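S.K.: One letter stands for each residue in the lines below.
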Amino acid sequence: MAIAPERPRIYGGTRIPAPIPTVLQVPRHLRDSDDILTVNFGPNHPSTHGVLRLAVDLDGERVVGLHAVIGYLHTGFEKSMEQKSWWKAITYPARIDYVSFQYNELVFVLAIEKLLEIEVPPRATWMRMLLCELNRIHSHLVWLGTAALELGAISMFWYCFRERERILDLFELVGGTRMHTRYFQAGGLAEEIPPGFFDECATFVELMPKAIDDYEGVVDRSPIWLERTQGVGLLSRDDAIALGQSGPVLRASGVQWDVRRAEPYLAYDRVDFRIPVYSGGDVYDRYRVRMDEMRESVRIIDQALRRMPGGPWIAGDRKVVLPPREELHTSMESLIHHFKIVTEGYRVPEGEVYVAVESARGEMGCYVVSDGGPRAWRVKFRAPSFVALEATATCVSNSLVADMIAILGSLDTVMGDCDR
Amino acid sequence: MTFKGIPGLVEIKEAYGETTLLVDPARLVEAALHLRDELGFNFLSDIAATDYLGWGGKGVSGYMGTATGRDLNRPSTSGLQKLPDLKPRRFSVSYHLLALRDDPERVRLQVWVDEDEPLPSVVSVWPTADWHEREAYDLMGIRIEGHPNLTRILMDDDWEGHPLRKDYPIGGEPVRFSGEE
Amino acid sequence: MEQAVGLTTLEKAVAWAQTKSMWPDTFGLACCAIEMMSTVTARYDLARFGMEAFRASPRQADLLIVSGRVVHKMAAPLRQIYDQMLEPKWVIAMGACASSGGMFNNYTTLQGVDKIVAVDVHVPGCPPRPEALLEGIVRLHEKVLAGIPPAYEIRDVAS
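Chains as they are written, first to last, in our numbering: chain R, 10 to 429; chain P, 7 to 187; chain G, 223 to 381.
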């Protein structure tokens, strides 16, 4: 069995290119030598995780220049959300980061609730946390399947998506549809949790750790995987912070930062979980962080299942939340509230807030400005993939073309999230 | 944590558990350096530009049936319950900062600019601002000075106009229904 | 007489061969791409249709499954990919966004990919379930077997 070469240690100083931090420019001596081949990794490419265009300058196999062109999926979410009432606008964010969809809904709904200063019942909080952790596992499975596929471990794709189907079955049980469930509402959940969900979820929690063991068994000691991921795409701690990285990329560079632990939201301060941190700053460490995070997510889901509180699933504030249907037959106030919420939409007080959650990709933030009316004035999403792509130029300095593919995979960008 | 010593500070606002520091745009880079070096805000999360054209213009929602601020045929367009505070300028640019340490802290650094008023770039302070500022320029038309590569990022390179501005139409097509002629 | 009988049988044979190995191009754009990927996986198994070989190069592909929202910036690359495909070629507009712009009726989203390419089958859904995509593929196969020519021969792009 071949032994993986010794990993190059993380670099000192900074490798952020200058003057433009996000563009790797061809060094002068090579520019004049006429040996540079400029290749376009166009928007339609099987390995660029969506529609990303990279203009890469190659000296043989070595990447000496790189600049990324994005915007091929800019759908105008933020402007579309300004046209809809707050209720309807919740449907949009799920499609931004379409692999970890519930985080986008969660962050928008948390921002609305922060402005409304509404009290969310504990059952809704714990259920939101459970669903978000399921979504984190879902996102990491999609990442592992596709990243391994690009590096040549093609069978991982089928293994990972097998478990992903089980998660989507759970989402379908709860929200009626596999993806983009739109199950979060301002004030809680859209509907009561269906019976049978907890048993299905418990079955999933039983089998998931064994599945993660399976995945690690396939790649973790494979010499090809180790050689292709260790020492590749180095990003030092200071560079990672300077480039605004968050999530697994930051934690693989040695920074112990997780919004769930540092600024807890939902019920994360009441469950027990580890934050995996590695200090190698390379593709292998990012892989290890995500694998460990999957295991920790299973633990969180297990704890949430055991400790799920009973009670209402949505807040009682009738100015924001629809009253239960039975009341409409007897109570005039309920009828009026229902009418006003459905036609006019609930009003969110004037102000601006910024809420951040730890999505599967990193810090997902939502900046909401309200003018006191029934529609948003400005919604801005802080997309972790947008920022992760800024680090591409730093990570690929000194690497080969094949390594570039591995690095892009490890940054785990979703172009919907990047372009919004 | 005291924010009083920040160069160019105009006002400190506290709302919803968040602190907003209003700063003079001309001294933005000094304020940024002070925040990063003296106060430890080494992480720039986000740069959000907002256009306040038409702020409060909907008027207060009139009684059902009155003309001001309510279009019965378009739900969710009703006016406001009270007029919001007037804004000093047309655009606000908010820098969401985070002090990444054991007792983390977040703060919003906010500047107000008018149309065509240039804003200095903070790329030299936080390199991650590169693409965020390009997005602010592309979608909102905020002119950033000193940016090494101020080009459009999300829209086509030859796009005209700045889509997220309030005077830019939403676009799209009118919805047609089958069976209508 | 013998010639007429021979031609009909040949066409049917060719149509049958086309449906049995219609290779798609890797044109995943957004959320629908994730559901398209799960069509390839073991539960929904696109391989039983002979279609699991997604070609990276459009010159080797027969079918373009436009999965996801097409925006203005992407319209030109999409048309280029479509033009590079060799005839006969088919297009499935997967999802609401590719069929008609979906929930995004704004300055940047193309209101339906049939504005730039001729579409054979529209598959509704946001995103469509893998079974829905399979239904769309099966209907396309039925169209081909019935002898209906690909869309670019019958209709032009929408206005």
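Be aware that a few hints might be false.
No more than 25 Å apart at the CA atoms, straight line, and that leaves these computed lysine-lysine pairs for PhoX-like [what the hints assert, rightly or not]: (1) P:Lys172 to P:Lys88; (2) R:Lys349 to R:Lys97; (3) P:Lys88 to R:Lys349; (4) R:Lys328 to P:Lys88; (5) G:Lys337 to G:Lys365; (6) P:Lys19 to R:Lys97; (7) R:Lys97 to P:Lys88; (8) R:Lys349 to R:Lys328; (9) R:Lys123 to P:Lys93; (10) R:Lys93 to P:Lys93; (11) R:Lys123 to P:Lys88; (12) R:Lys123 to R:Lys93; (13) R:Lys123 to R:Lys97; (14) P:Lys88 to P:Lys10; (15) P:Lys88 to R:Lys93; (16) P:Lys172 to R:Lys93; (17) R:Lys93 to R:Lys349; (18) G:Lys365 to G:Lys242; (19) P:Lys19 to R:Lys93.
Computed Cβ-Cβ distance ranges for the label pairs, DEER-style [as the list claims (entries may be wrong)]: (20) G:Leu367 to R:Ile45: 33 to 41 Å; (21) G:Ala298 to R:Leu344: 49 to 57 Å; (22) P:Gly152 to R:Thr23: 18 to 26 Å; (23) R:Phe348 to G:Ile376: 16 to 24 Å; (24) R:Gly69 to P:Gly152: 30 to 38 Å; (25) P:Glu123 to R:Arg283: 47 to 55 Å; (26) R:Gln34 to P:Glu36: 55 to 63 Å; (27) R:Arg171 to G:Ala298: 54 to 62 Å; (28) R:Gly161 to G:Ile376: 36 to 44 Å; (29) P:Val181 to R:Leu344: 28 to 36 Å; (30) P:Glu166 to R:Thr212: 51 to 59 Å; (31) G:Phe271 to R:Ile163: 45 to 53 Å.
Hints listed in this document are in silico derivations from the structure and should not be mistaken for laboratory results.
Source: prediction; values computed, not measured.
Cβ atoms here follow ideal geometry from the backbone N, Cα and C, with glycine treated the same way.
S.K.: If a hint holds in the structure, say so; if it does not, say that too.
M.R.: Tested hints:
no. : hint                             : in the structure
1   : P:Lys172 to P:Lys88              : holds, 21 Å
2   : R:Lys349 to R:Lys97              : holds, 14 Å
3   : P:Lys88 to R:Lys349              : holds, 17 Å
4   : R:Lys328 to P:Lys88              : holds, 17 Å
5   : G:Lys337 to G:Lys365             : holds, 22 Å
6   : P:Lys19 to R:Lys97               : violated, 31 Å
7   : R:Lys97 to P:Lys88               : holds, 23 Å
8   : R:Lys349 to R:Lys328             : holds, 9 Å
9   : R:Lys123 to P:Lys93              : holds, 22 Å
10  : R:Lys93 to P:Lys93               : holds, 23 Å
11  : R:Lys123 to P:Lys88              : holds, 20 Å
12  : R:Lys123 to R:Lys93              : holds, 19 Å
13  : R:Lys123 to R:Lys97              : holds, 18 Å
14  : P:Lys88 to P:Lys10               : violated, 32 Å
15  : P:Lys88 to R:Lys93               : holds, 20 Å
16  : P:Lys172 to R:Lys93              : holds, 15 Å
17  : R:Lys93 to R:Lys349              : holds, 15 Å
18  : G:Lys365 to G:Lys242             : holds, 13 Å
19  : P:Lys19 to R:Lys93               : violated, 29 Å
20  : G:Leu367 to R:Ile45: 33 to 41 Å  : violated, 51 Å
21  : G:Ala298 to R:Leu344: 49 to 57 Å : holds, 53 Å
22  : P:Gly152 to R:Thr23: 18 to 26 Å  : holds, 20 Å
23  : R:Phe348 to G:Ile376: 16 to 24 Å : violated, 49 Å
24  : R:Gly69 to P:Gly152: 30 to 38 Å  : holds, 36 Å
25  : P:Glu123 to R:Arg283: 47 to 55 Å : holds, 49 Å
26  : R:Gln34 to P:Glu36: 55 to 63 Å   : violated, 29 Å
27  : R:Arg171 to G:Ala298: 54 to 62 Å : violated, 38 Å
28  : R:Gly161 to G:Ile376: 36 to 44 Å : holds, 42 Å
29  : P:Val181 to R:Leu344: 28 to 36 Å : holds, 30 Å
30  : P:Glu166 to R:Thr212: 51 to 59 Å : holds, 56 Å
31  : G:Phe271 to R:Ile163: 45 to 53 Å : violated, 19 Å
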